[in-house]
Amino acid sequence: MNQFSKILLLFTIAILLVWQLPWCYAFLTTKAGPNRFVMYSSLLDDFIVTEYDKDKGSIRRDLAGNQYTTEQTDSLLPAFFMRQLVADERFPDSIMGVPVSPKEIQMTSFNFRTRPSAINTPQTGIYFLLESMPSRVDLDMPDDAFRFNRKGIEFVNMETNTVNEEKSRKFTQMLSDKGFRFPPKEVSGNPTTMKEYDNGYLLIDADGNLFHMKQTRGLPYVKALPVPVGIKPAHVFITEFRDRKMLGLLTDTNHRLYAIMADGSIALTGVPGYNPEQDEITIFGNMFDWTVRIASPENIVYYGIKASDFSLLKQYEIPSENTEIPGLSFTSPYDQYVRPRI
781 MNQFSKILLL FTIAILLVWQ LPWCYAFLTT KAGPNRFVMY SSLLDDFIVT EYDKDKGSIR
841 RDLAGNQYTT EQTDSLLPAF FMRQLVADER FPDSIMGVPV SPKEIQMTSF NFRTRPSAIN
901 TPQTGIYFLL ESMPSRVDLD MPDDAFRFNR KGIEFVNMET NTVNEEKSRK FTQMLSDKGF
961 RFPPKEVSGN PTTMKEYDNG YLLIDADGNL FHMKQTRGLP YVKALPVPVG IKPAHVFITE
1021 FRDRKMLGLL TDTNHRLYAI MADGSIALTG VPGYNPEQDE ITIFGNMFDW TVRIASPENI
1081 VYYGIKASDF SLLKQYEIPS ENTEIPGLSF TSPYDQYVRP RI
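Read in order, the letters of the sequence shown are residues 781 to 1122 in this note's numbering.
Quick list of in silico lysine-lysine cross-link-like pairs, BS3-like style, CA-CA up to 30 Å:
1. Lys1086 x Lys1025
2. Lys1003 x Lys958
3. Lys883 x Lys994
4. Lys931 x Lys1003
5. Lys950 x Lys1003
6. Lys1012 x Lys1086
7. Lys994 x Lys931
8. Lys1025 x Lys950
9. Lys975 x Lys958
10. Lys836 x Lys1094
11. Lys950 x Lys975
12. Lys1025 x Lys965
Derived Cβ-Cβ restraints for the label pairs, each shown as a range:
13. Pro1099 x Leu1048: 21 to 29 Å
14. Pro963 x Leu1092: 32 to 40 Å
15. Glu851 x Val936: 51 to 59 Å
16. Asn846 x Leu1092: 16 to 24 Å
17. Ser874 x Glu1078: 37 to 45 Å
18. Pro1099 x Ile839: 17 to 25 Å
19. Arg841 x Thr1062: 17 to 25 Å
Calculated directly from the structure, the hints in this document are not laboratory data. C-beta atoms are modelled at their ideal positions from N, C-alpha and C, and glycine is treated no differently.
Turn these sequences into a full structure, and let the hints steer you where they fit.
Have a look at this one:
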């Protein structure tokens, strides 16, 4: 027994050394990566890169090397720095010939971000459906939750833990009538009251078809969203931006990125490739353009996208900073599983 304890102790120490020594070495020797912020400017038709230099401080430049002052950068990115321009009384009456107001800029600006760990993670299968047309302005969390099975959808009262048969039947029937086949492959929603309105859920059914489901005055609303020929949906993300022009984002099996509009139409964006299972995406959008940042293990690519038709305007690529520590680890930035990894 004593010998077994010694062997177990030595084995535990060996595992801890393999796990911690590479981490300690990397912690002591790794240098901070460059602090870089990149935004596309339609006024300049180029990216503005803001970097920090320990000798010169913050440097703002375009890809050609031209440098800009803080005030010039504010004016070249009027949607992003709208509040500063208003405070300085420098906000323009028009941008690129289009009359604008601070309220319009505020209503049409948005940001979106998702990481691979949000995709590659276990799902509870329990969801909450808010009322999309509440009698009051503020949204309220429902008193029930829903889940999918192979035969339909079930709404369960959380206080009594009983199934609401009538509500479940109505939603199941509506989904079936629209051609939905259970169970869904993917469910995307944003069940929180910290937003201005609720768009319900985007669903990819068992056959790979796309649907929109929400609750309106207590009744089901389901709409089949026709996907253009040749597109096989892989992942879907619901969006609830203030201007309500978009319903969500979609990627297909070829890693192309699409915008789902409020009317259900689907438009291909100029982003050449995006794999949600491996890449992190960040989007800063306004009424003129989007700045799309896609960070993969190999590189970081910035895309300037035209907001009106989602065409590609410009792109800028830099090598990715490898922040992974070699050796034994139990977690990963690409999923939320805890398991040994080499």
